[in-house]
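Peer 1: These are the residues of each chain, in order.
There are 2 protein chains.
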Amino acid sequence: MKKLTGSRLMVGIPNICADILYVSRFKAADPVVFLQHGRDKYLVVSRMETGRARAANPALKILTPDELGLDRKRRWQVSHWAAALLKKTGVGKVDVAGTFPLGVARELEKQGLRVRLAQEELCPERVVKTAGEIVHIRHAQRAAVKALHGACALLEQARVDARGVLREGRQVLTSERVRQVINRILLDENCSGGEPIVAGGPLSANPHWIGHGPLKAGEPIVMDIFPQSLETGYWGDLTRTVVKGAPSPALVRMYQAVKKAQAEALASVRAGVRGVSIHQGVIDRFTELGFESSVTKGVPEGFIHGTGHGVGLEIHEAPSLGFGGAILRVGQVVTIEPGLYYAEVGGIRIEDTVVVTREGFEFLATCPKQLTIR
Amino acid sequence: MKKLTGSRLMVGIPNICADILYVSRFKAADPVVFLQHGRDKYLVVSRMETGRARAANPALKILTPDELGLDRKRRWQVSHWAAALLKKTGVGKVDVAGTFPLGVARELEKQGLRVRLAQEELCPERVVKTAGEIVHIRHAQRAAVKALHGACALLEQARVDARGVLREGRQVLTSERVRQVINRILLDENCSGGEPIVAGGPLSANPHWIGHGPLKAGEPIVMDIFPQSLETGYWGDLTRTVVKGAPSPALVRMYQAVKKAQAEALASVRAGVRGVSIHQGVIDRFTELGFESSVTKGVPEGFIHGTGHGVGLEIHEAPSLGFGGAILRVGQVVTIEPGLYYAEVGGIRIEDTVVVTREGFEFLATCPKQLTIR
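So the sequence lines, in the order shown, correspond to chains A and B.
My numbering numbers the first residue of the first sequence as 1159 and each following residue consecutively.
My numbering numbers the first residue of the second sequence as 1159 and each following residue consecutively.
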């Protein structure tokens, strides 16, 4: 791990800026200023928040705008919190992330302080997960598996009406209803589900379409579930694709190709392997199996996204398993999620979230892979 | 409304950056680039997202990194998306918000483009809500009211055991359990509840403490519910404080003071009034009623936060009803939420979310205010 020699400064809302939540462990919906200078870690919060901040992380030196000597006018602007903190601590030069707010940077520079853009990640330690973090991600991933089971049970109980539409009792079974069942289960696991993808039919060829309306037999139903723990802020990420009733032979071939590509990609995961080579392996396998990627009338088809991404306090974070994917390291948590998408058929995606080990990987939660739901 | 004369540029994740979601109406968990130049609005998204982006907002000109001519190396960096977009559109100078990412600003400047920090809000139009936005906020606010009713019903059904602890059947009734009931109701309204505050006992003197453990009779229970619509992203915000059983005379006096201050603050809301003067009115009233604010052993007591804040695509947004509070305008949506907090007693807060009108205000949802639950 590359160590930063300087001091690092972060300004933002901890509930939104994962770096700040990571280093401060202080959950809050209002902006804070964090400074790490050598071993010292400072957090500036409004006076009202001092009690919570101290309780959240006793290792932080908590300061308020008053304690920094800010007058009434400057007390409400975080750029002045940051400037006053640097002056109080005698830090004249700080490293910041690319996402650092320009407004704060300009104010610091105006006051003669130097703001240096970190060339790499400002929190390189975030990319490798601690045992404690893995517990948090596993919790979210297990919640996703439970929710998927609940969704599959609903699809299993559903009957198919004369027009091929799924019904729960008399009601038409919709993406919205399945989403609701997923979110209720996630909530029982103290996770927020956001808008999980329950995409049925040809429109599932759009990987991020969340899905709307009646679900039908014989069509792919892509379910992508990404819970965030309400307590810890860590995410899980899981996708399965199912068909109620009999899938077409074309769909079965697509499914088998994705399943095979995912298994091979998983088998190639281990510390020391480059993310890009795992991704290239998936591309090559799909081509070999006859599934070409192209752009038709401006719409991309085939395998049209990366093979995976890191998961932690952000749902999409480093490392990438796409064209920019660097060498994997022990303790990284990544998704492996190849997919195939064709406008006339729909999408197939299979995704697991795993921990990279020296020899290979470990599932954070196991979940069967079966296309057909009777 | 002050119009910006230049072009405005935004770079970030729409689901996180409210300005971008507001102007693009495109929900996404990955970064995009938005440029408004005169009447033209451009959005750069990855190729995979073009279909969703076009469907979300037909008024946008959607571009991809490929269409901007970016090579393999630059195709993955949003700073290059932004630079290429400005060059393609011939825009040499842009206005950006204070939150604009420094990394992107530095890259643009390196390429000879001018990045000007907007002196005021970059999206001044966000502060006054359209009729459509008010519908969205009302939906979230009504969900909050329903959830509060559910929580109160649970407290009403609870019995008090010999030690004064609330019980639901045989189970001890905890903050966690009430939070769960609140979140389930919010989910049924297609809202995400996050971590609503259900803070019982003296620790509720910390306004943002979410509350943990058994709830007891005779103690204040602060319930602060802030749902976000999963569909639209708009928030609601509602707080009530209740006591199961008989409150102490001191608590009743505190409650009456907060109720009175809130009613008066509401009565003073109308277009043309300064937010700071509403806030000062609350401070003065509390002082008059004998509720002093001070800092005891580093812990602030009394009325220790602002009187309110704007609500929209962010839970805390402009306008402020605190010391920095400017003139209110018709169509703004704000909370009115005075509170009193004393370490030995706990907290009392009453909060409603209202629309500012020419003559006064309108509740977005009505909800009774009663301290005691039998």
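Hints are computed from structural coordinates only; laboratory data are not their basis.
Hints may be right or wrong, so weigh each one.
Identical copies go unnamed one by one, so any copy, or any two together, can satisfy a pair.
Only pairs whose alpha carbons sit at most 20 Å apart, straight line, appear in this in silico SDA-like list of lysine to any residue [said to hold, decoys possible]:
| hint | residue 1 | residue 2 |
| --- | --- | --- |
| 1 | K1418 | R1532 |
| 2 | K1185 | H1463 |
| 3 | K1268 | D1253 |
| 4 | K1185 | H1366 |
Peer 1: Go through the numbered hints given earlier and state which of them the structure violates, listing their numbers in rising order.
Peer 2: 1
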